[in-house]
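Enquirer: Sequence:
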Amino acid sequence: MFCPAAHRMFHTTESEVVLMEQTVNSITLRGSLHALPEFSHENHGKKFFRFYLDIPRLSGAVDILPVICEEKVLNEMDLSGGEMITAEGQIRSHNVRSQGARHLMIFVFATKIFCEDGEPINDCILEGPLCKEPILRRTPLGREICDVMLAVPRAFHRADYLPCILWGRTAQEISACSVRERIRICGRLQSRIYTKLTEDGPVERTAYEISALTADILDEVL
Numbered sequence: 001m002f003c004p005a006a007h008r009m010f011h012t013t014e015s016e017v018v019l020m021e022q023t024v025n026s027i028t029l030r031g032s033l034h035a036l037p038e039f040s041h042e043n044h045g046k047k048f049f050r051f052y053l054d055i056p057r058l059s060g061a062v063d064i065l066p067v068i069c070e071e072k073v074l075n076e077m078d079l080s081g082g083e084m085i086t087a088e089g090q091i092r093s094h095n096v097r098s099q100g101a102r103h104l105m106i107f108v109f110a111t112k113i114f115c116e117d118g119e120p121i122n123d124c125i126l127e128g129p130l131c132k133e134p135i136l137r138r139t140p141l142g143r144e145i146c147d148v149m150l151a152v153p154r155a156f157h158r159a160d161y162l163p164c165i166l167w168g169r170t171a172q173e174i175s176a177c178s179v180r181e182r183i184r185i186c187g188r189l190q191s192r193i194y195t196k197l198t199e200d201g202p203v204e205r206t207a208y209e210i211s212a213l214t215a216d217i218l219d220e221v222l
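The opening position of the sequence shown corresponds to residue 1 in the working numbering, with each subsequent residue numbered one higher.
If you are wondering where the hints come from, they were derived from the structure by calculation, not from laboratory data. One should not assume that every hint holds.
[Unchecked claim] Straight-line Cα separation of at most 16 Å, EDC-like style, residue types lysine to aspartate or glutamate; simulated pairs: (1) 72 with 116; (2) 132 with 181; (3) 132 with 117; (4) 72 with 38; (5) 46 with 78; (6) 47 with 78; (7) 112 with 70; (8) 47 with 71; (9) 112 with 133; (10) 46 with 70; (11) 112 with 147; (12) 72 with 42; (13) 46 with 71; (14) 112 with 76.
All values reported here derive from a predicted model rather than from experimental measurement.
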């Protein structure tokens, strides 16, 4: 299966390129800017900014996806190519604590951003072992889906824990896998609004997950 995002080049240092060659985690987004970039955080003297891209699906729904990048990547963005923004990088996860509880923050860490015209793009490819037992279930509309959590290796012996959804026959195949089996997924990053019941009443939140177009079971087991 050819996945466009797997064949992109990243603007990183030579040492980062060597480390990233050991992982399979890449995504390419092209969409319209939802709002102007805002300061996110500072780490080791480097400033990082967050913005969101609106990327329509064929169904007409629109995914509003978070992107974080270093200040210099934002400053180097070529504005002359067109009205759409393309971001290339990796899907990352980060555990954050809010109101005494932990939750997983999913975002795109962009290493290259530029403007260009063209059709919307939302392509990603991931490889990693399952870190939880797959959960096979049916939606209220009767569609069979499988929820998996992929532990995608990252540089410096870290990993990104990424929730993925598989559909139909692919869901059935992957549901038979065990923890630590390695999976390759090609798909798209999606946003989903849901309602969470809290002590203060229902709260609307947004979840981010990878919807798999294809999934392959790899030979190696970690």
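Enquirer: Is residue 112 close enough to residue 70, meaning Cα to Cα at most 16 Å?
Expert: 10 Å, holds
Enquirer: Would the pair residue 47 and residue 78 pass a check requiring their Cα atoms to be no farther apart than 16 Å?
Expert: This hinted pair is violated, its Cα atoms lying about 19 Å apart.
Enquirer: Holds or violated: residue 132 and residue 117, Cα atoms, limit 16 Å.
Expert: Between residue 132 and residue 117 the Cα gap is close to 40 Å, so the pair fails against 16 Å, i.e. violated.
Enquirer: Does residue 71 sit within 16 Å of residue 46, going by the straight-line distance between their CA atoms?
Expert: With a Cα-Cα distance of about 7 Å, the restraint between residue 46 and residue 71 holds, given a limit of 16 Å.
Enquirer: Need the status of pair residue 112, residue 133: alpha-carbon distance at most 16 Å?
Expert: 35 Å, violated
Enquirer: Residue 72 and residue 38 were given as a pair; does the straight-line alpha-carbon distance stay at or below 16 Å?
Expert: Status holds; Cα separation ~14 Å.
Enquirer: Residue 46 and residue 78: Cα distance at most 16 Å?
Expert: 21 Å, violated
Enquirer: Given the proposed pairing of residue 72 with residue 42, does the C-alpha separation stay at or below 16 Å?
Expert: Answer holds: residue 72 to residue 42 is near 13 Å, not above 16 Å.
Enquirer: Run the distance test for residue 46 versus residue 70: straight-line Cα separation, threshold 16 Å.
Expert: It holds: about 7 Å lies between the C-alpha atoms, which stays within 16 Å.
Enquirer: So if I understand the rule, the pair passes when the alpha-carbon distance is 16 Å or less; does residue 47 with residue 71 pass?
Expert: 6 Å, holds
Enquirer: Is residue 112 within 16 Å of residue 76, Cα to Cα?
Expert: OK: residue 112 and residue 76 at ~9 Å, within 16 Å.
Enquirer: Going straight from one Cα to the other, do residue 112 and residue 147 come out at no more than 16 Å?
Expert: 30 Å, violated
This entry does not satisfy hints 1, 3, 5, 6, 9 and 11, going by the numbered hints stated previously.
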